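The listed protein sequences derive, respectively, from chains A and B. Going by our numbering, the first residue of the first sequence is number 339, and it counts up by one from there. Going by our numbering, the first residue of the second sequence is number 226, and it counts up by one from there.
In short, the hints are calculated from the structure, not lab data. The model shown is predicted, which means the values in this text are computed figures rather than measured ones. Ideal Cβ positions, reconstructed from N, Cα and C, are used throughout, including at glycine. Each hint should be verified, as a subset may be incorrect.
[Claimed, not checked] Here are the simulated lysine-lysine pairs, DSS-like style, with alpha carbons at most 30 Å apart:
(1) A:K504 with A:K617
(2) A:K617 with A:K603
(3) A:K515 with A:K527
(4) B:K460 with A:K483
(5) B:K413 with A:K381
(6) A:K579 with A:K515
(7) A:K483 with B:K284
(8) A:K504 with B:K494
(9) A:K381 with B:K441
(10) B:K444 with A:K381
(11) A:K515 with A:K425
(12) B:K460 with B:K444
(13) A:K579 with A:K603
(14) A:K527 with A:K425
(15) B:K319 with A:K483
(16) B:K441 with B:K494
[What the hints assert, rightly or not] To give an idea of the interface, some chain A residues facing chain B are shown, with a C-beta separation under 7 Å as derived from the structure:
(17) I380
(18) R391
(19) I477
(20) R575
(21) E577
Take a look at the letters that make up each chain.
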Amino acid sequence: MNLLSIQRDMARAVMTPLTPSERMRNAGPDGRSQRTVANGIIKANDRLTSFERLEIYNRQYWFRVLSGFSEDFPGLRAVLGDPLFDKIAQAYLRDCPSRSFSMRNIGAQLASWLTTHPNFAGPRQQLALDMVRLEWAEINAFDGKRYDPLKAEDLTDTSSAKLRLKLQPHLSLLDLKYPVDDLVLRVRKDSTEVSIASNTLSERHKDKRSVSVVPLLKHTPIFLAVHRMDEDVYFRRLEQKEFAILSRLRNGKSLGAAIEGVLRKSAMPDEGCLLLIQKWFQNWSALGWFCRGTTDPTNS
Amino acid sequence: MPANRFNGYTDYGIGIGLRVPHYQHVLTRRPVVDWFEIISENFMVDGGRPLRILDEILKQYNVVQHGVSMYFGSAQRADREHLRRLKTLVQRTKTPWLSDHLCWGSVDGRYTHDLLPMPYTFEAARITAQKIREVRDFLEVPIAVENVSSYAEFHVSEMTEWEFLNEVVERADCGILLDVNNIYVSSKNHSFDPFTYLNSVSAERVAQIHIAGHSKYQKYILDTHDHPVIDPVWKLYARAIERTGHTATLLEWDDRIPAFSEVHDEALKANRFLASASLAEAV
Numbered sequence: 339m340n341l342l343s344i345q346r347d348m349a350r351a352v353m354t355p356l357t358p359s360e361r362m363r364n365a366g367p368d369g370r371s372q373r374t375v376a377n378g379i380i381k382a383n384d385r386l387t388s389f390e391r392l393e394i395y396n397r398q399y400w401f402r403v404l405s406g407f408s409e410d411f412p413g414l415r416a417v418l419g420d421p422l423f424d425k426i427a428q429a430y431l432r433d434c435p436s437r438s439f440s441m442r443n444i445g446a447q448l449a450s451w452l453t454t455h456p457n458f459a460g461p462r463q464q465l466a467l468d469m470v471r472l473e474w475a476e477i478n479a480f481d482g483k484r485y486d487p488l489k490a491e492d493l494t495d496t497s498s499a500k501l502r503l504k505l506q507p508h509l510s511l512l513d514l515k516y517p518v519d520d521l522v523l524r525v526r527k528d529s530t531e532v533s534i535a536s537n538t539l540s541e542r543h544k545d546k547r548s549v550s551v552v553p554l555l556k557h558t559p560i561f562l563a564v565h566r567m568d569e570d571v572y573f574r575r576l577e578q579k580e581f582a583i584l585s586r587l588r589n590g591k592s593l594g595a596a597i598e599g600v601l602r603k604s605a606m607p608d609e610g611c612l613l614l615i616q617k618w619f620q621n622w623s624a625l626g627w628f629c630r631g632t633t634d635p636t637n638s
Numbered sequence: 226m227p228a229n230r231f232n233g234y235t236d237y238g239i240g241i242g243l244r245v246p247h248y249q250h251v252l253t254r255r256p257v258v259d260w261f262e263i264i265s266e267n268f269m270v271d272g273g274r275p276l277r278i279l280d281e282i283l284k285q286y287n288v289v290q291h292g293v294s295m296y297f298g299s300a301q302r303a304d305r306e307h308l309r310r311l312k313t314l315v316q317r318t319k320t321p322w323l324s325d326h327l328c329w330g331s332v333d334g335r336y337t338h339d340l341l342p343m344p345y346t347f348e349a350a351r352i353t354a355q356k357i358r359e360v361r362d363f364l365e366v367p368i369a370v371e372n373v374s375s376y377a378e379f380h381v382s383e384m385t386e387w388e389f390l391n392e393v394v395e396r397a398d399c400g401i402l403l404d405v406n407n408i409y410v411s412s413k414n415h416s417f418d419p420f421t422y423l424n425s426v427s428a429e430r431v432a433q434i435h436i437a438g439h440s441k442y443q444k445y446i447l448d449t450h451d452h453p454v455i456d457p458v459w460k461l462y463a464r465a466i467e468r469t470g471h472t473a474t475l476l477e478w479d480d481r482i483p484a485f486s487e488v489h490d491e492a493l494k495a496n497r498f499l500a501s502a503s504l505a506e507a508v
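Given the sequences, and given the hints that come with them, work out the whole structure.
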């Protein structure tokens, strides 16, 4: 048996979800007996069978990824409550195992996965989805790229019709159905910053404090910017037109086209609207949201 | 050996792992510490507070990078994005050497985020050594591989763990990060004499030593890094220092992390052994 075959067999077994009592299942996802797999590759010793030795790694894998997931999405946990959160965490991690060297990216596919699995969160589906988008935006804001902000002199040579402003990669623009920003701030009050440790293992789930499920929020659409300033993450509520202009800029529209599209739909007189837009641009510039960056990964 | 080509000819003393609960203490009190070991993956990000804190630490302290996800032993090629980010960090920290584990943890693009044990075969040694060479050539920094704690052994193994370690480092011409706690943990889990392991390791290739605590369960020991170092591990450390001389030593404490001073005091216990090694070298 060559190295790759052993690693495929062992990875399949290790990444198989645990039983409800946190033990290794008898069968893997392909129906193969885990005992047969274990006996085929791993030696027993005088204290542990091959199955039991493989089970140590199976349990550690799930304890580790579930802990990382819980640390990244405490707001989702508060929205769903422990039992449902645990169910979603396991189903998501089973369907979308990590494809990154960094645990930081473990929740990267969660919003799209949740969209295609609406049965899990039931009546809280939209609230859960909003919370996931916000919490992922927070992760992006925390350590995302920040280019040098644009200065006024950077803009002098280009007309507004042609000028294309790039937004900082750490800035996310969210169109949410629920005011989850307030909720996540309450939840985050108790959380602490965490990082990857060295090669430690644990015989227990970390962060197993149970949470009280929050009442279903009132449906109140908000537009939100999640960004970083002086190394702290901030939420900033936006007006709908602010959100529209920024979204158009992010999608690659020129400055002129971004503003024109909003003006066309506005009931406000052009002059008043332009003054307002001017004020917004001053604020966004002061926050350093525009940059000259060569690429903006969030554009895609 | 104190300063050798595997640790960039440095002669670092006793360090500790830089961990989030200690950031404030380190940045405000500026304690005297020989060096800090950072987990590379915590700083392989595009921006934000992690890098700002790292830059502050770098102004005052020696920093060495230690990785947890290069997976030298994975049968498939290294992730290019991982390597690119790691190189960016190496250029930032100017780490004199870089360590990661002699293990695997990813296959077909899926990551377990664990340090899975190697089958001790010649094929595995060849593949692992080849990857270590590729990573070293790309990063342009000496590499040291760390022996891991393990809980399983493979039927296909053709040699002992220490023979495998020597086989890999000879083929790769790289250094060793000798984790004496991991030797102890594995010796209990697999019923071998830890001194046989220790006495067989290529001492001249040891770039650094790790010490740590662990947790004992009914049928096995887990490498939990959440306790002080136990006496049997100090005895192994003493023997390691006898063989390698005064070598950069680092205490790992990753869970239930106590106050900075407690962790540092525990690490400084290594001075007892390092001092006698220095004396022996002087004689």
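task: Verify the proposed pairing of B:K460 with A:K483, using a straight-line Cα cut of 30 Å.
output: violated (47 Å)
field: Cut-off 7 Å, beta-carbon criterion: hint that A:I380 touches chain B
entry: A:I380 check passes; min Cβ-Cβ to chain B is 5 Å, inside 7 Å.
message: Need the status of pair A:K527, A:K425: alpha-carbon distance at most 30 Å?
response: holds (25 Å)
message: Given A:R575 as an interface hint, is its Cβ closer than 7 Å to any Cβ of chain B?
response: violated (22 Å)
message: Given the hinted pair A:K504 and A:K617, is their Cα-Cα distance within 30 Å?
response: Holds. A:K504 to A:K617 sits at ~19 Å (cutoff 30 Å).
- request: Using Cβ atoms only, decide whether A:E577 comes closer than 7 Å to chain B, and label the hint accordingly.
  value: violated (27 Å)
- prompt: Is the hinted pair B:K319 and A:K483 satisfied, with a Cα-Cα distance of at most 30 Å?
  reply: Given that 30 Å is the threshold and the Cα spacing comes to 21 Å, the pair holds.
Agreement of B:K444 and A:K381 with the hint, judged by alpha carbon distance not exceeding 30 Å: OK: B:K444 and A:K381 at ~15 Å, within 30 Å.
field: Interface hint status, A:I477 versus chain B (Cβ within 7 Å)
entry: Violated, about 10 Å.
message: Just to be careful, I want the Cα atoms of A:K515 and A:K425 compared with a cutoff of 30 Å; is the pair within it?
response: Satisfied, since the Cα-Cα distance of roughly 24 Å is no more than 30 Å.
query: Going straight from one Cα to the other, do A:K579 and A:K603 come out at no more than 30 Å?
result: holds (9 Å)
field: Cut-off 7 Å, beta-carbon criterion: hint that A:R391 touches chain B
entry: holds (4 Å)
Hint violations for this structure: numbers 4, 8, 19, 20 and 21, all remaining hints satisfied.
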